[in-house]
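Respectively, the protein sequence lines represent chains A and B.
Per this note's numbering, residue 1 is the first one in the first sequence, and the count goes up by one each step.
Per this note's numbering, residue 1 is the first one in the second sequence, and the count goes up by one each step.
Hints listed in this document are in silico derivations from the structure and should not be mistaken for laboratory results.
Worth double-checking, as some hints may not be accurate.
One copy or any two copies: either way a pair holds, since identical chains are not told apart in the list.
Claimed, not checked - 27 Å max Cα-Cα, derived DSSO-like pairs, lysine-lysine:
| hint | residue 1 | residue 2 |
| --- | --- | --- |
| 1 | K51 | K350 |
| 2 | K327 | K368 |
| 3 | K182 | K149 |
| 4 | K327 | K170 |
| 5 | K327 | K361 |
| 6 | K361 | K350 |
| 7 | K368 | K299 |
| 8 | K182 | K333 |
| 9 | K327 | K350 |
| 10 | K149 | K395 |
| 11 | K184 | K299 |
| 12 | K353 | K327 |
2 protein chains.
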Amino acid sequence: VVLLCAITKSQSNMEISELKEEFARNREAIISRWMDFLRIPSISAQPAHDKDCLNAANWLDSYLSSMGFAVELLGGTNRPVVFAQRMIPNRPTVLFYGHYDVQPEDPVELWDSPPFEPQIRGDRLYARGANDDKGHVMFVLAALEALIKNNQLNYSVKILIEGEEETGGKVIAAGLASWRDKVKADSVLVCDTMWVAPQLPTIVLGLKGIVACTVELSGLTKDLHSGLAGGLVKNPATELARLVATLHRPSGEIAIQGYYDEVVPIPADAREVMRNTPIDLRVVEQAVGVSLTGGEADKFTPLERLGFRPTVEVNGINSGYSGPGTKTIVPSKALLKLSCRLVPNQNPEKCMKLLQDHLQKYAPPEFKIEFSDIEIAGAAFSLSPSQPAISRASKTLAEVTGKPVIHSWQGGSIPIVPQLQQVSGGVPILAGFGLEQDNLHAPNESFSLTQFEYGFLFVGRLLST
Amino acid sequence: VVLLCAITKSQSNMEISELKEEFARNREAIISRWMDFLRIPSISAQPAHDKDCLNAANWLDSYLSSMGFAVELLGGTNRPVVFAQRMIPNRPTVLFYGHYDVQPEDPVELWDSPPFEPQIRGDRLYARGANDDKGHVMFVLAALEALIKNNQLNYSVKILIEGEEETGGKVIAAGLASWRDKVKADSVLVCDTMWVAPQLPTIVLGLKGIVACTVELSGLTKDLHSGLAGGLVKNPATELARLVATLHRPSGEIAIQGYYDEVVPIPADAREVMRNTPIDLRVVEQAVGVSLTGGEADKFTPLERLGFRPTVEVNGINSGYSGPGTKTIVPSKALLKLSCRLVPNQNPEKCMKLLQDHLQKYAPPEFKIEFSDIEIAGAAFSLSPSQPAISRASKTLAEVTGKPVIHSWQGGSIPIVPQLQQVSGGVPILAGFGLEQDNLHAPNESFSLTQFEYGFLFVGRLLST
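Based on the provided sequences and hints, a complete structural model is requested.
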């Protein structure tokens with residue numbers, strides 16, 4: 001595998017100043033095209049917008065074709081995956097991954113301007129998808145256009161933009177293995193992440209895997225009168241709570257047998273990086289409202305837990321009556337929604353089985369326990385900060401922003417990334433430019449124009465040197 | 001206190017056969033009057049029906065006045081308490097308690113005939129309130145009317161019919177102490193309970209007390225992303241479940257310190273009665289859907305737990321997301337609704353304090369714990385089956401039904417009963433004629449005409465001998 005860092009300086013390349021001039025010259029056209037893309041309400045969660053999703057795919061097709069890419073729509077005609085390539089013989093290949101679908105706009109009454117009529121206010125462009133992910137896609141394509149126009153694109157480029165990221169990405173997950181030859185690459189550029197703080201440009205070196213399920217405990221014929229049945233029968237709500245209480249030890253450790261068997265020690269270099277990461281935990285505590293005493297707080301620092309320790313979280317629990325006043329019932333059943341974040345080397349299928357076995361074992365035999373909505377979304381991945389492709393991307397990011405770059409192992413999950421890594425063979429470079437205040441998935445989503453330009457400069461510099 | 005059983009046989013009295021003839025002769029008029037009462041939609045939960053509640057009170061006023069009762073409306077003009085008396089010098093006093101308000105009729109579309117247009121089908125009269133409690137009130141008043149007409153009423157009779165039983169009975173609870181002289185009685189007849197099975201006429205000898213509250217655990221600023229916050233902060237849903245799990249030991253015993261301190265041993269005679277009660281527990285298990293392994297199942301029989309062991313029940317628990325699919329959040333807060341059934345000698349205020357202290361002690365210090373909807377509805381009461389007033393009522397019930405009578409200590413609560421016992425000084429006689437299939441509080445409420453006649457005969461016989 002030829003790594004990005006192995007490129008010699010014999011190539012021509014665009015200096016940051018030249019890229020800045022190029023951006024300034026074309027600013028209006030770039031933003032105007034970005035707005036055109038945002039005007040397409042490509043909401044993948046709503047079948048009424050299937051046509052819009054196809055329109056967004058076709059829009060990308062025509063833009064990419066105009067730049068000289070060979071474009072194919074893969075995976076059927078409904079929310080197809082846009083695949084494009086522009087190969088240069090004997091040059092390493094960068095595979096860019098993004099998505100053209102967006103979240104629904106609800107609640108639409110909380111938007112200050114219509115979600116699909118982009119508007120600039122101050123340094124921000126407001127629209128559904130302004131950041132996630134159309135903003136990221138657009139600075140990548142704008143940078144490619146600039147490099148191609150100036151004959152400075154020094155890499156073979158493949159592009160994979162899916163239309164179902166917000167709804168589980170089933171089409172790309174199902175198709176990827178059969179597109180193995182198409183997507184072969186030396187590195188995978190993913191621009192769909194955030195900086196850990198406004199002044200801290202971030203490259204994400206790890207994400208967790210995720211599995212989830214719904215658990216229902218039932219057996220009573222109906223809600224029973226708490227006077228007539230209380231003390232006679234076990235209470236499904238009480239028993240479900242007792243079951244939840246078996247999942248963790250008082251220390252915060254997960255109590256599921258075998259759950260840590262495959263968890264590997266935190267790599268020394270990652271530990272070192274995290275120790276030196278300038279994140280003010282008091283700011284985090286203020287943002288979340290409580291001190292950071294969750295998980296295995298006695299044994300690991302917050303960043304270590306976030307990046308390298310598995311979790312089992314209750315996402316929801318519901319049983320009986322929760323309205324005002326008193327309703328004296330023994331609820332007939334109780335519902336639990338769980339999700340688990342997994343760390344490198346944990347097998348998602350195995351973890352789901354261990355979880356289910358544990359719940360089955362500790363559930364009271366009087367009740368029926370049923371599992372549904374079982375999701376095995378994907379495994380974790382983790383990279384070393386010393387990998388050459390990471391070093392080079394980090395150096396580039398520091399150059400264009402003028403700031404020190406943070407390496408971050410995060411607790412979230414982008415299940416497609418480890419799959420892309422495995423199928424393409426390329427090193428994932430996760431360099432997004434989002435900020436906390438961008439309101440992803442919420443009303444008044446926006447993207448900073450400054451961050452957008454950083455993204456343009458980063459991609460331009462990365463692919464021209 | 002002159003007990004009912006102390007009445008000598010020197011009085012004239014109506015034989016059961018005479019009462020049966022009297023009922024047959026007046027059947028049409030009795031049912032017609034009962035239907036008139038049922039046509040008044042006296043729903044206490046809905047302010048739109050305040051006028052109807054007052055109409056029901058006035059209707060009772062005029063009916064009772066026509067029988068020669070001195071009637072007063074107590075506790076204000078909105079859903080007043082109807083108080084009536086007809087005293088006979090030197091005769092013991094029976095205080096009858098009932099209520100004229102009814103439950104809302106929703107969901108009205110599930111009724112086979114309109115809820116306030118009474119209809120007889122087969123042996124049943126269908127209407128909202130047919131049983132609860134207008135049916136019971138009407139056989140009591142019809143029996144009184146028959147005795148008075150035949151000059152066979154041998155007791156001083158006081159009547160207390162409230163209009164807020166279905167909404168907490170605050171007016172009567174607040175006024176009762178100040179009506180102490182008015183309500184003084186030797187026994188309190190309450191007809192608002194059920195037979196334990198269709199062939200088992202029942203006198204209820206005990207009911208539990210009840211306290212309830214809502215608990216909220218909060219502290220996170222909002223629902224957090226389970227990847228970004230999971231393992232960093234404690235999860236309110238998980239912690240609430242762990243808190244619920246501290247309330248009971250694995251044996252089902254309540255684990256709140258001091259909770260059993262005032263609980264007295266089950267009286268030997270009650271134990272004996274329960275041992276011989278011909279209730280088929282397999283039928284109960286079939287009805288509830290599970291085996292009767294709740295509460296302190298290792299130490300006490302189901303009937304013992306039902307009548308004499310306190311409970312702490314989860315009526316509802318709610319946190320986070322419980323819809324379809326997956327929502328990967330750490331919920332910002334978690335809600336719990338608890339109610340406790342208390343047994344004789346437990347002090348409701350003290351039990352509520354012990355519960356709150358326990359929850360406060362075991363709640364994680366990172367979160368705020370708040371209590372609301374605190375209800376201290378009332379204490380338990382329990383009578384001995386050998387009390388003369390109970391013996392006599394039981395004998396009368398056996399005579400009129402031709403069946404052996406069950407003595408039952410139940411897990412439900414009628415908080416006004418121990419208050420009436422305390423203020424009036426009278427022994428409570430809980431002899432209702434409801435059956436499981438009467439659909440109390442549900443669509444198609446009905447009352448068996450056979451049971452109604454049993455009620456008429458029972459009251460007629462009880463108050464004429």
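Quick rundown of the hints versus the structure:
no., hint, result
1, K51 - K350, "neither (39 Å within a copy, 65 Å between copies)"
2, K327 - K368, "both (24 Å within a copy, 24 Å between copies)"
3, K182 - K149, "within (25 Å within a copy, 101 Å between copies)"
4, K327 - K170, "between (43 Å within a copy, 17 Å between copies)"
5, K327 - K361, "between (31 Å within a copy, 26 Å between copies)"
6, K361 - K350, "within (16 Å within a copy, 37 Å between copies)"
7, K368 - K299, "between (37 Å within a copy, 25 Å between copies)"
8, K182 - K333, "neither (50 Å within a copy, 47 Å between copies)"
9, K327 - K350, "between (41 Å within a copy, 22 Å between copies)"
10, K149 - K395, "within (25 Å within a copy, 106 Å between copies)"
11, K184 - K299, "neither (40 Å within a copy, 69 Å between copies)"
12, K353 - K327, "between (37 Å within a copy, 20 Å between copies)"
Violation of the numbered hints given earlier is confined to hints 1, 8 and 11; the remaining hints are satisfied by the structure.
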